[in-house]
Every structure is written in structure tokens, then in C-alpha cells.
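So you can see what is in the structure, the chains are spelled out below.
Number of protein chains: 2
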Amino acid sequence: MNYFSSDFKLGILGGGQLGKMMLYETRKWDVWTKVLDASPEAPCKISCDQFVQGELLDFETVYNFGQGLDVLTIEIENVNLDALERLEKEGLKVFPQPRALRIIQNKAKQKLFYVDHDIPTAEFQRFAYLSEIEDSINNGGLKLPFVWKVAQFGYDGQGVKVVRSLADLQGLPKGECIAETMIPFKNELAVIVARNSKGETKTYPVVEMEFHPEANQVEYVICPARIDDKVATKARELALHVAEKIGLTGLLAVEMFQTQDDQILVNEVAPRPHNSGHYSIEASYTNQFEQHIRCILNLPLGATESKVAGIMVNLVGAEGHTGDVVYENMEEILKLEGVTPHIYGKKQTRPFRKMGHVTIVNPDIDQARKTAQQVKETIKVISK
Amino acid sequence: MNYFSSDFKLGILGGGQLGKMMLYETRKWDVWTKVLDASPEAPCKISCDQFVQGELLDFETVYNFGQGLDVLTIEIENVNLDALERLEKEGLKVFPQPRALRIIQNKAKQKLFYVDHDIPTAEFQRFAYLSEIEDSINNGGLKLPFVWKVAQFGYDGQGVKVVRSLADLQGLPKGECIAETMIPFKNELAVIVARNSKGETKTYPVVEMEFHPEANQVEYVICPARIDDKVATKARELALHVAEKIGLTGLLAVEMFQTQDDQILVNEVAPRPHNSGHYSIEASYTNQFEQHIRCILNLPLGATESKVAGIMVNLVGAEGHTGDVVYENMEEILKLEGVTPHIYGKKQTRPFRKMGHVTIVNPDIDQARKTAQQVKETIKVISK
Numbered sequence: 172m173n174y175f176s177s178d179f180k181l182g183i184l185g186g187g188q189l190g191k192m193m194l195y196e197t198r199k200w201d202v203w204t205k206v207l208d209a210s211p212e213a214p215c216k217i218s219c220d221q222f223v224q225g226e227l228l229d230f231e232t233v234y235n236f237g238q239g240l241d242v243l244t245i246e247i248e249n250v251n252l253d254a255l256e257r258l259e260k261e262g263l264k265v266f267p268q269p270r271a272l273r274i275i276q277n278k279a280k281q282k283l284f285y286v287d288h289d290i291p292t293a294e295f296q297r298f299a300y301l302s303e304i305e306d307s308i309n310n311g312g313l314k315l316p317f318v319w320k321v322a323q324f325g326y327d328g329q330g331v332k333v334v335r336s337l338a339d340l341q342g343l344p345k346g347e348c349i350a351e352t353m354i355p356f357k358n359e360l361a362v363i364v365a366r367n368s369k370g371e372t373k374t375y376p377v378v379e380m381e382f383h384p385e386a387n388q389v390e391y392v393i394c395p396a397r398i399d400d401k402v403a404t405k406a407r408e409l410a411l412h413v414a415e416k417i418g419l420t421g422l423l424a425v426e427m428f429q430t431q432d433d434q435i436l437v438n439e440v441a442p443r444p445h446n447s448g449h450y451s452i453e454a455s456y457t458n459q460f461e462q463h464i465r466c467i468l469n470l471p472l473g474a475t476e477s478k479v480a481g482i483m484v485n486l487v488g489a490e491g492h493t494g495d496v497v498y499e500n501m502e503e504i505l506k507l508e509g510v511t512p513h514i515y516g517k518k519q520t521r522p523f524r525k526m527g528h529v530t531i532v533n534p535d536i537d538q539a540r541k542t543a544q545q546v547k548e549t550i551k552v553i554s555k
Numbered sequence: 172m173n174y175f176s177s178d179f180k181l182g183i184l185g186g187g188q189l190g191k192m193m194l195y196e197t198r199k200w201d202v203w204t205k206v207l208d209a210s211p212e213a214p215c216k217i218s219c220d221q222f223v224q225g226e227l228l229d230f231e232t233v234y235n236f237g238q239g240l241d242v243l244t245i246e247i248e249n250v251n252l253d254a255l256e257r258l259e260k261e262g263l264k265v266f267p268q269p270r271a272l273r274i275i276q277n278k279a280k281q282k283l284f285y286v287d288h289d290i291p292t293a294e295f296q297r298f299a300y301l302s303e304i305e306d307s308i309n310n311g312g313l314k315l316p317f318v319w320k321v322a323q324f325g326y327d328g329q330g331v332k333v334v335r336s337l338a339d340l341q342g343l344p345k346g347e348c349i350a351e352t353m354i355p356f357k358n359e360l361a362v363i364v365a366r367n368s369k370g371e372t373k374t375y376p377v378v379e380m381e382f383h384p385e386a387n388q389v390e391y392v393i394c395p396a397r398i399d400d401k402v403a404t405k406a407r408e409l410a411l412h413v414a415e416k417i418g419l420t421g422l423l424a425v426e427m428f429q430t431q432d433d434q435i436l437v438n439e440v441a442p443r444p445h446n447s448g449h450y451s452i453e454a455s456y457t458n459q460f461e462q463h464i465r466c467i468l469n470l471p472l473g474a475t476e477s478k479v480a481g482i483m484v485n486l487v488g489a490e491g492h493t494g495d496v497v498y499e500n501m502e503e504i505l506k507l508e509g510v511t512p513h514i515y516g517k518k519q520t521r522p523f524r525k526m527g528h529v530t531i532v533n534p535d536i537d538q539a540r541k542t543a544q545q546v547k548e549t550i551k552v553i554s555k
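First to last, the protein sequences are chains L and B.
If you count the first sequence from 1, you need to add 171 to reach my numbering.
If you count the second sequence from 1, you need to add 171 to reach my numbering.
Looking at chain L on its own, in the form it has when it is part of the complex (with noise of 0.2 Å):
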């Protein structure tokens, strides 16, 4: 198959910031992409060769979407399974393979999936509904505090709280949910394994989630992870694991807790590039979006190794901000060496929303960490 001509054609569902940095390297190799996104607004309405409005949970839209396509990827899981499954039973090559999407698109089913795999994860319970949590509590079956997580279609910290007391269950989804023992881990950390349809695996190195000393929210990922060899290695081990118990093909990007002795625990995993990830784009050989493209392109796959200390900060909306985006200071961080802004292209800032990200890079990690506290102190996303 000639991917690098227009015979070849690659379908992408979602035509967000994942799917447009993917939309880099299909440009870079001149492969032809066809974006399905429900917004005329998506990051990805230009830069692909044909752009379609439609809804990704719709059977139909998706269903038609797949029609004359050589090979069709995600840059999101929330999309309809079913229409991949018909798509792929006719014939078409759906990478991540839908089988795998609905052991992830779903987070109980991924739990019971580790549970299945001697996995190790935190513990958790299954509930149907809302309601059962709280009769859980009541008789004593569950113990406060644990986390709440929603089974599925929660995207960016929206579905995932910490439950305290019964209050906290006030305003949350009624259905489907996981109520997961809370890990005090040492660190969280991430690790990005590559996968092609030939079974050729490669994993990026580990990298660190540092969290705001006070907000309980990211500030930096940070690569390599500043952890102990003999730790990294179990972690780059255990993701590599998982993946191939998945067997998909793809990225699989798998967050872990280290735990107070060491010990590793998934958290959760996503089928596709990964924020975590976003940090390869200036430091690696081969940047995750480049990575994912020989993977479901069944290309041979590219180093992973990095040329230089990578840091992402996210750009997120500030609070008390809402309406059209102003990215304030940017010729300030511009004048600090090594870094590199990512902007989305949404139009319009909300509190958190992801609007775009910085990398920072030093063959030095410390002196990057040090650049990177400075471009988180100095930009702001604000509304005008």
C-alpha cells in the first residue's frame, strides 16, 4: 500500500488539538486525511483534506463517515463502537482496533479488565447507579473517603471526584460509576508504549506528573521522570504489559500511581497520543503523533529516546475567564530559551479548558524546570 499518495485514505474521528498535531505529520508525509468532528470550529477544520461535520456518537454519521476509507484512527474515545465494529466486520482497518476501545471506553470495564490480567490497580467497586454508592456507605460496604469515577464519557478531570462524605455525591452523574480506594502515591507517572499491526512494541521513557504543592491539579510533566532506574524500568515493563494484553494497535498511553513503597499501580489508560505525551514533539526522536501514524500505518517504528529534557506545561483557561481567548505575556515566554507554545485554536476560553501547551527543553532537566516555573508564573489565558 502506498500511504504517501492520494490513493491512500485516512479517516480521523475527533478534530481536536490531538487530532490536529496528528494532522502535522499526515501533512509531513503527505498522507490524505478526511476529519469527522461535531464542531465547524475544531482545530482540525483546515489542515486535514476533507473536513465533516457530524456527531461521533452517532451510528450513522460514523457508520458513513468509514465509507471508502483505507484506514480509520481516533484522536478521542468517546465515539460509536458499534458503527466501528460494523466498519472493521466489513473490512475496514479500525486502529485502535474497536474490541480495545470497549475494554477502555469504558473505566469499569478496564478495572475488571486489570482484575482479569493480574493487572495490578487500585481497589474498587462497581455500581450500576449513583444511588447503590450511597446505600454501599450506609451499610458499611464502602469506606469513606475513595474516588469516584464516572464508567464512561468523562473527559479532562470532569468525572473523577474525591468523595469524603455523602455530600460530595450531591450534583454527580446518577449512573454507571466506580468507587476506586484512594492510592497516597509517591508519584504519578506515564508512560506512552507504541504498537503497530506486526506486533512491533516500542515504550517512551517515564514521565512525572508534579502536582501544585496546594491545588490538587498537574503543573508540569516532566521527562525523564526524576524516579530511581530500577523503577522506570518496572513502569516502562508493566505498561508494556498492558498493552499487550490489549493488543491494540496504536499508542496506548498508561498513567500509573508509584506507590509510597514502590510499588506500581495503573490508573487509567488512553488508546491514542496523550497529553503526557505532548512533551515529544520538541525532545524525541520521534514525536507520539508521528509514533501513532507508523502505528496504524503498520510503518516500522521510530526511537523513542530523547534528544533533550522535555517539560509540558498546559494552557488552560483562568478562572473568571470566559469568552474570546487572549494568550497574555506570550512575547514574554518567547524571550526564554527552549520553548516552544502550542495554541489550539479554540476560539473561546472557558475556566480549565485546554487551550494549548508549552514545551520547554534544555539538555539540562533542572534548568528546564527552572524555565518552566517561569512561563507558568508569566502566561495567561485569559478572555478579552
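Hints were generated in silico from the structure; no laboratory data involved.
Fair warning: this is a prediction, and the values are worked out from it, not measured in the lab.
What you were told as hints is all true, and nothing was included just to trick you.
One copy or any two copies: either way a pair holds, since identical chains are not told apart in the list.
No more than 25 Å apart at the CA atoms, straight line, and that leaves these computed lysine to aspartate or glutamate pairs for DMTMM-like:
id, residue 1, residue 2
1, Lys369, Glu503
2, Lys551, Asp178
3, Lys369, Glu499
4, Lys180, Asp495
5, Lys518, Asp241
6, Lys401, Glu371
With chain L's structure known, arrange chain B on it following the hints.
Relative to the frame of chain L, chain B by itself:
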């Protein structure tokens, strides 16, 4: 001026591969762009916000294209300068400035500029018509051999010829041209200078063009050049001097000869991102396309140092192949570490047409050079 919002409008004259690679950067920063190119199949057709099909040398077309823009730049210097001057008079920011393009667009003017500003360059004579060269040879005013160069609108090796006998003049364009003394150079070098409107400047490391031992054709662009530091410093200083004398805003690629006695002579310049800077996408802290955008938007300049050694191999159409392009053995080169192909997206190949390039990066320049040779010997650009 808020560049990072759709209020700001950037125009680009030319929609070829340089424009295409510029658009990766405008997309990265969500800068609104409009592109003018004569071809409906231009590589820039997608990825810009608006594409206009039209002739770059037509006054009306370029003048109308400039209406409503905030900044206008180029990816090729063969554009209608009268229109640019008119637009500049009417207040449009045109970078590089038409004044600078006037000097550079005509090779005879360019050479005279060097002479007027004591910039070392090969000796030359200027001729209004090709026929005058023949007369000059006959009356002994011009000695064979020499390098004939068309004054205007030469590109990709077109418009340059080594003349060893009168017969070599057959079939050359009749118009204005120069005859340049042949320089038996030790190395052909290039330096890219970045300059924003504030007059801030930075130079990239010196690159070296390595020629094929038999065919007199550049095979590899190597960064950093494997030359003495003193020579490298002299080359960077000379390039900076040229850029400041021209006083242009944007990038200036300065091609130079290193003579047998280590003098540096300016060969020619290009007022834009340049083939000799393609390595920077994978190897540099700030790639030349982002740097160009920083210059013309008057943003702080980015670091020009390299993360790793970089070597660039042009992908040109193989001899004897004309028609729908096929990239043979692409998968083979993707197996090699640190190898990144760039496919420009031209649908038709013909002998020596620039269809793409491949960058090879490695911490060890000798290993990069070995890999580059493997790439060169493996991939072929042929027709179906």
C-alpha cells in the same frame, strides 16, 4: 497586536514546500494565513485559512491579494515587486521588504551590492544580453571558463551553467546575465541569519554542502559544518554583516565559498527559509520556519543552537521518471534511527524536481553521516 487570534491576518506569496513548512508553524500558533499560488495543486492548498490561485508576478493579483492583511511575506522571491512597493506605501507591513527583494531578485544587482559594500564575492561581469558575452569572449574581455548565471528568475539549478566553450552558450536565455569567475572552493558553506524589525539578529550554525564526488551536485547539507572554528566564526560574521547591510526583516540564507586559502566569499543569498536550513526542523531549538515567523511578527528570536547534529538529503526525482510519483523504499529508511522524511506533496515527479527531503539526526555527526548515506542509497523517487 494579538497575533494569536483570528483578528490578525498573515499573507504568504507562494504555496510551495517552503510555504507548506511555514504553515506548520502558523498552525502551531494558530496564526490566520492566506496563501497565493498559481497552482491549484500547491502544497499549501490546505493548512492555510484561505487559498487564492493566481500569478505571483502579476501586479493586480498580488496587489489585490495584499488587501486586508496585517503582514505579507514570501516563500519565493520571484514575485511582483511593484505591487509589494505599492502595498508597503499604503501601510502594509511587507517582510522581507520590497527594497531588499529588489537587491536580491536580480543577481547582477545583488553582486553590485556586494561590491558597493565591500562584501567579498567572486569577480564577475554583467551583460544586458547573452550576445554581449560572445562578443566579450571574442575580443578577449572575458576568459573561459566562467560561470554563467541568468540575472532573474532562475531556480533549482536552472539559470546557472559552467561555460567552458562558446558552444556551452547554445540554448541559454538571451536576456540579462552575469559571468562569474569560477572559484576552486574547498567548501561550499551556508549560514542563515534571522533579523526582526527591532533589528535583533541571530545566526544559525554554519552548514556544509557535501558534493557528490563525480556529479557536481549537492548530496548532503551537514550541520554543523566540519570546518575550523575560526573559519566558522568568520562565515557567521560575514553572513550577519550582509544581512545588516541589506537591513532586511526575516531570514537571510547566505551561501558562501570557503577558498583554498580559507577566505570566505559570498556566493548568493535568499531572503527566506532555505533548503540549507531544513535540518533545523529536527535538529535546532528553533526551526527556521518558526524563526521566520518570529522575525516578521517582530517577536523575540528563538535559540539557533542545535540539540543534535543534523544532515539533510534532498529527495529529487530520479532520471528517466516523469509522471505520478512513487517513493520507493520509504519503509526501509523508516527503520533507520533518527530519520525523518518530508514529502512535499507534489503529485508529479520529473528528473531532479525537488519532491521532498529527509533529515537525519544523531548526537554523533559521523553516525548521522553514515545513516544519511544509507538513506541516499535506499530511497528512490520514481514514477508509477
